[in-house]
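**Q** Protein chains in written order, with the UniProt record's numbering: chain A, 1 to 203; chain B, 1 to 203; chain C, 1 to 203; chain D, 1 to 203.
Calculated directly from the structure, the hints in this document are not laboratory data. Misleading hints may appear alongside valid ones.
A pair holds if it fits inside one copy or across any two, identical chains being indistinguishable in the list.
Only pairs whose alpha carbons sit at most 25 Å apart, straight line, appear in this in silico DMTMM-like list of lysine to aspartate or glutamate [claimed, not checked]:
1) Lys-71 - Asp-177
2) Lys-70 - Glu-198
3) Lys-120 - Asp-142
4) Lys-70 - Asp-35
5) Lys-70 - Asp-55
6) Lys-71 - Asp-55
Number of protein chains: 4
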Amino acid sequence: MTLEGAAAALVAAGRRLDALGLVPATAGNFSVRLDARRLAVTVSGRHKGFLTADDVMVVDLDGIAEDPRKKSSAETLLHCGIYRRFPQAGAVLHGHSIANTFLSRAAGNDLTLAGYELLKAFPGLPTHDAEVTLPVIPNDQDIARMQRGLDLLWDGLPSIPPGYLIRGHGSYVWAPDMPAALMRMEALEFMLACELEERRQPR
Amino acid sequence: MTLEGAAAALVAAGRRLDALGLVPATAGNFSVRLDARRLAVTVSGRHKGFLTADDVMVVDLDGIAEDPRKKSSAETLLHCGIYRRFPQAGAVLHGHSIANTFLSRAAGNDLTLAGYELLKAFPGLPTHDAEVTLPVIPNDQDIARMQRGLDLLWDGLPSIPPGYLIRGHGSYVWAPDMPAALMRMEALEFMLACELEERRQPR
Amino acid sequence: MTLEGAAAALVAAGRRLDALGLVPATAGNFSVRLDARRLAVTVSGRHKGFLTADDVMVVDLDGIAEDPRKKSSAETLLHCGIYRRFPQAGAVLHGHSIANTFLSRAAGNDLTLAGYELLKAFPGLPTHDAEVTLPVIPNDQDIARMQRGLDLLWDGLPSIPPGYLIRGHGSYVWAPDMPAALMRMEALEFMLACELEERRQPR
Amino acid sequence: MTLEGAAAALVAAGRRLDALGLVPATAGNFSVRLDARRLAVTVSGRHKGFLTADDVMVVDLDGIAEDPRKKSSAETLLHCGIYRRFPQAGAVLHGHSIANTFLSRAAGNDLTLAGYELLKAFPGLPTHDAEVTLPVIPNDQDIARMQRGLDLLWDGLPSIPPGYLIRGHGSYVWAPDMPAALMRMEALEFMLACELEERRQPR
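So here's chain A without its partners, still in its complex pose (with noise of 0.2 Å):
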């Protein structure tokens, strides 16, 4: 993918979660695979549904920026570990709800989604009689240790669930292409928008 339709990818994407409520304030970043080495990542700090090309900058799988007069979003190493563990992916999401805020605040290690029609939008998954359980892994400023814990527990799991919460903090989804990475996130947060609303029934 050419740096430019990649600039259009991420600002499109971020038009779309904005109107979703998905990247309130300077929450949230995202980024497309350019090549086998390089992706193009939002910058830190910008609102994300104002994007333009400017916004976005081109690092390599070890996070260094090309252009050292750009800071990429703070989580880019994140970003970097996805591509780097699977070659599939082609577009990186991360996302903040407060379905994902609230759950990832209350939830143990992980949370399981079961019986949804919509988890037929995860890979691997042609029924809803299934069930995916995300990890919530804590919240941490120091990026590249986050990412660590990360790979450790994915050496543990028999198979990767396709996203991941960060505690308070919120969602990342990953997939071959932007197109599929949104419908992906979509999915993610209505099936989350359900279980907060099981959550919130009077026991």
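Put chains B, C and D on the given structure of chain A with help from the hints.
**A** Okay, now just chains B, C and D, sitting in the frame of chain A:
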């Protein structure tokens, strides 16, 4: 109705239902009747808020595609089941909402709506002082089997309600044309949201 | 006010109330006073978010249509009842929200709003340190009878509050002109949403 | 900043806050600093989602209007109080949300936000592992008295938090410029919505 007119109606319906939050990810599917033997229906796997005329295809009342290179929405046979049984049905809508997902998971075999002014949006109810009991059927990836179950259920009812819910999956409504179907969907989802609110109340 | 100006005001009000989620399906109706004897009101059965000037018609203060081929909104006599009683009323709005539907079903004969800054949007309340008690009347498909009940109720009140709710049906507000009526509706619905939030709290 | 630039910033802020549901009816008011002695502030009584440049006026740091024919927002002296005390403040926003209205009515004299990633949007908090305690002050139609109370409260605090709530009325935030203030408002309201969600949980 021409295929061009049908495609325009389906594209517009998708934008409206997306604005209302009823078609997250690849969820939802819609159709309009073209003539006594055929319908125009959305293709599989697209986001319904961003349809183009290319995402619309023609199938017959058994769900067989005119153009075998296109794949219609997974639930096409549910649309066919409605057009076969109800000669006056001209448009069918299927949507996912947090309310219909939650309530269809929590409900038994049906869900009753009573005392709402918006019940007047349903056929044969000239007053709010009425109630409608909508079937809630189990989800099933074998759509032909799900439709056979629905036909059996409808056979046993003294009068057939103007919609139904699939557990954890969504709602179906139909009407003589697309504008009427959209209004019926909005009325149904509004009343489901009110029902959800009642269930949230502390006991 | 000219009929053209009135129609433009009603079309714009419909778009705004649709954006706020207050006119689902065919719900809601609006009017503006044209002169001492006549009002412009929305026709029956249209979606109020997609009105055109053709969907507006003229009736007199008894609800009799100038053009007998057009059918005005079912609740036209409630609009007439307001214009007859309140000479300063220039615009009337009726909307449906989840909050007003739920609260009017759960409430007794009235609903009190107290301590909200937005109470200042109501007439005669220069401070938040006040309260307003809005009548909640039973729904009735005999609109003339509903209006007679309202008139009796108003006769018995020391001062008439600036709106009312119909159980399971919606809210009515009026003001000297349409911009003021829209602001009053927004203020009312905001406070009702806050009241709903209070009722959700665990006890 | 020129008055033209300031007016454009206030008009745009109003549209954004209206889209986020933070300025219902006539609620909310905003300002930007023009120079050491003057600010541009919204006039009283307008809907903040539909401002024009004519709805912006200039006052000095005591709230005295340059053009005596215009009436500034009722809470102008709260804006002045912020600009007088914080030389780095370049923009002030006041918004109403269901979350801030409900929580400010339910809270005591303050409200603590802890453990949210979005706390990083506030100044001096480079990490989520922090907490901010926002004052909740009583509502008062005597704005000068409310500001004197705030000044006394601020005098007694070891460090002044970047915003406050008025009971049943809304939230205030400020920042060096309008884009930063909008992001701070979005971050605050997102965290308040999460807090509201926690209070809804059954006990």
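**Q** Hint by hint, note whether the structure agrees.
**A** These are the hints, each one checked on the structure:
1. Taking CA atoms no more than 25 Å apart as the test, Lys-71 paired with Asp-177 passes in both settings, with 24 Å inside one copy and 21 Å between copies.
2. In the homo-oligomer, the alpha carbons of Lys-70 and Glu-198 never lie at most 25 Å apart, since the shortest distance is 43 Å inside one protomer and 38 Å across protomers.
3. Taking CA atoms no more than 25 Å apart as the test, Lys-120 paired with Asp-142 passes between copies only; the shortest distance there is 14 Å, against 34 Å inside one copy.
4. With identical chains, the CA atoms of Lys-70 and Asp-35 are at most 25 Å apart within one copy only, with a shortest distance of 20 Å there and 31 Å across copies.
5. When the C-alpha separation of Lys-70 and Asp-55 is checked against a cutoff of 25 Å, the pair qualifies only within one copy, where the shortest distance is 9 Å, while the shortest distance between copies is 39 Å.
6. With identical chains, the CA atoms of Lys-71 and Asp-55 are at most 25 Å apart within one copy only, with a shortest distance of 10 Å there and 38 Å across copies.
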